[in-house]
Amino acid sequence: MALLQIQEPGGKIAKPLHRLAVGIDLGTTNSLVSASCGGGVETIPDNGGEHLLPSVVYYQKDQPALVGSEAKALLVEDSMNTVASIKRFLGKSQSELQAEHAYLPFEFDPSRSDSSPAIMTADGSKDAVQVSADILSELVQRAETCLKGPLEGAVVTVPAYFNDAQRQQTKDAAQLAGLKVLRLLNEPTAAAVAYGLDSEDQGNVVVFDLGGGTFDVSLLSLKKGVFEVLATAGDTSLGGDDIDHIIADWLAAQMHEAGQSETLPKARLLQLANSAKHQLSTQDTVQIAAAGWTTELDNKKLKQLTSELVRRTINTCRRVLRDASLAIEDIDNVIMVGGSTRMPIVRDAVAEFFGKPPLTNIDPDKVVAVGAGIQADVLIGNKSANSFLLLDVNPLSLGIETMGELVEKIIPRNTSIPVAKAQEFTTFKDGQTVMSLHVVQGERELVADCRSLARFELREIPAMVAGAAKVRVTFQVDADGLLSVTAEETSSGKKAEIQVKPSYGLESSVIEEMLQASHENAQADMETRSIKEAQLDARQLLDAIANAIAIDGELLSEIEVQKLKGAITALENIMISGSSVEINAATEALNLVSSDFAAKRMDLHIANALRGESIDAVEKQTD
Amino acid sequence: MAISISQTAAQHVADQLADRGHGIGIRVGVKTTGCSGMAYVLEFVDKLEVGDQIFEEQGVKIIVDPKSLVYIDGTEMDFVKQGVNEGFEFRNPNAKGECGCGESFSI
Chain S
1 MALLQIQEPG
11 GKIAKPLHRL
21 AVGIDLGTTN
31 SLVSASCGGG
41 VETIPDNGGE
51 HLLPSVVYYQ
61 KDQPALVGSE
71 AKALLVEDSM
81 NTVASIKRFL
91 GKSQSELQAE
101 HAYLPFEFDP
111 SRSDSSPAIM
121 TADGSKDAVQ
131 VSADILSELV
141 QRAETCLKGP
151 LEGAVVTVPA
161 YFNDAQRQQT
171 KDAAQLAGLK
181 VLRLLNEPTA
191 AAVAYGLDSE
201 DQGNVVVFDL
211 GGGTFDVSLL
221 SLKKGVFEVL
231 ATAGDTSLGG
241 DDIDHIIADW
251 LAAQMHEAGQ
261 SETLPKARLL
271 QLANSAKHQL
281 STQDTVQIAA
291 AGWTTELDNK
301 KLKQLTSELV
311 RRTINTCRRV
321 LRDASLAIED
331 IDNVIMVGGS
341 TRMPIVRDAV
351 AEFFGKPPLT
361 NIDPDKVVAV
371 GAGIQADVLI
381 GNKSANSFLL
391 LDVNPLSLGI
401 ETMGELVEKI
411 IPRNTSIPVA
421 KAQEFTTFKD
431 GQTVMSLHVV
441 QGERELVADC
451 RSLARFELRE
461 IPAMVAGAAK
471 VRVTFQVDAD
481 GLLSVTAEET
491 SSGKKAEIQV
501 KPSYGLESSV
511 IEEMLQASHE
521 NAQADMETRS
531 IKEAQLDARQ
541 LLDAIANAIA
551 IDGELLSEIE
561 VQKLKGAITA
571 LENIMISGSS
581 VEINAATEAL
591 NLVSSDFAAK
601 RMDLHIANAL
611 RGESIDAVEK
621 QTD
Chain H
624 MAISISQTAA
634 QHVADQLADR
644 GHGIGIRVGV
654 KTTGCSGMAY
664 VLEFVDKLEV
674 GDQIFEEQGV
684 KIIVDPKSLV
694 YIDGTEMDFV
704 KQGVNEGFEF
714 RNPNAKGECG
724 CGESFSI
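Those protein sequences? They're chains S and H, same order as listed.
So for the first sequence, our numbering puts the first residue at 1; every next one is plus one.
So for the second sequence, our numbering puts the first residue at 624; every next one is plus one.
It should be emphasised that the hints constitute simulated quantities derived from the structure, not laboratory data.
We put the CB at the ideal spot given by N, CA and C, even for glycine.
Keep in mind that the hints are not guaranteed to be accurate.
[Claimed, not checked] Derived DSS-like pairs: lysine-lysine, alpha-carbon spacing no greater than 25 angstroms straight-line: (1) H:K684 with H:K670; (2) S:K470 with S:K421; (3) S:K495 with S:K470; (4) S:K303 with S:K266; (5) S:K366 with S:K180; (6) H:K704 with S:K366; (7) H:K654 with H:K670; (8) S:K148 with H:K654; (9) S:K148 with H:K704.
[Said to hold, decoys possible] Facing chain H, a subset of chain S residues (Cβ under 10 angstroms, in silico): (10) L4; (11) I6; (12) C146.
With the hints as constraints, model all of the structure from the sequences given.
The following block contains the structure:
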């Protein structure tokens, strides 16, 4: 049963309606869910008291997916059916993934196209959206058990560096898990919210987020309690996992040097590496023992092994400062996010670069989830909406392909979103009636070097000399960082508009086909629909009249019957093959012919109803 | 005819009464509402009504009106934590069904 609280006598204080909304940090290594309960927002543990849900999913034939530590335990034993770090797969093509990861423990479904990769498991092939949805479902279940009610919405965090394709797939996964996404929130923004920095007057905050699989540095500017993300930079493929790989490679080399003939499976090496790394966050030296062989690793050696990786993270900090045109002295706070920032090596490097110790007092694993939970609570309406306002930023430039395969940038990167910007283009050839628009994302000048997001066409441009047509292309990025593009020929008003679907998951040719098909068939679809509606109306009238004739046929004269039958036959014939206009006309004609009959029937029935009643009685009834 | 209360629940009632600063005890009753017909009433009592029955258990006074008593006779009142939520729980031997949200019950 629901738990009760003692109320004031007579129920004077109405229980405020608390709507259930959660914040979800869908992480590469671990995921968390948080919610507001009573005082503040806290992460929700599972039955065993664990807050972190390992983002690992295990698939068995005809069984529900196993998510979390149980799945993680099977990572070594059954690596083919155990999917980890799926966040790295979001919005990526198979060839991209294979180029980025030298080693992947599972096989790709060969029947899928390069742009929509899926992993072969015992339970069929699973793509990144499905695996992410399984993780989200687990979190939803945990939250609903704990909060005792269905969730009304969630704020899901994404790295600020995520491109549109990755954001869209995150949203798709949430939808698949039955979650209503109130908003996608950039992880650094969530971290700043968790630290309550909105209560301060102003300042510049750097959020250094080194998680399991993604790395982000964001520079937030705070003015009068309003956050604005000035710049973000990062690497969607850099994180604690890479440190594990570095240590694992070192271990393998050490074993080889020591003359060990037996080699350990990679997954086992990674496990050893991961546990050594964790221990080195609290102690200086660690013994690693495996297959009857022992070695030692200390922080000094680890620093040497990871120096290249740490240098990359510091370079990213430098780039963010440059993008925002700020100096190190302008930075007031540095927030550490992500489990990997527990590593003393990382903390020291960051402190050294910024010349001040970073903020670490909120658990770096939970800080993003907590911020998301706070935001969810505001968005669902449990807190006053003006408690804070968040501005996010467009992480990569968005533009359009122009002649010569060049990119014309329409929304430059690091523009605050939501934003809408327009630019005018024109035709290239005399009499050109179609313009193909290719939406790309990236910083490079050549289309080939940027990421293709979508293609669509603006058709029926009036034939004019080259350069006379004016096509206004508007890019709009909503609060979730998702893009819609409109192209309009301004003299004729011809318009084409799409919600840009990321090209991953769908090949661009497929998108083009779908768009074309929907444009070409739009007219036909509309006509089909109106015919269906006209046929339904006609059928209704025919049935009503047939019914009426069966009951009150004797009211009609022979001529009237002939007229009615004529109209009925006409309608029945035209219904089968006529256009909606023709069917509607015939229906109208039958309606007209039958109106006398309807009037006669009404008179008869009123007379019948009143027969034998005195006027007095009728008046009483109507009173 | 009786209502019982666990030691934990009694402690919470006593604490909340002390916080409030006044009140004789708590009223436990039922009202018709919700999807399964009836819902529990749990409120502080400042003034006794005619016919009220008083049960003194674990040092706290539980006050029940006679009409409600037939529905909740034998109920055990407990204070439990369920995840992040905590509050009073009624174990009512008379209840035959509960609605999905647990707010209301039927006899």
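- Query: Which hint numbers doesn't this structure obey?
  - Reply: Of the numbered hints given earlier, the structure breaks none, since each of them holds.
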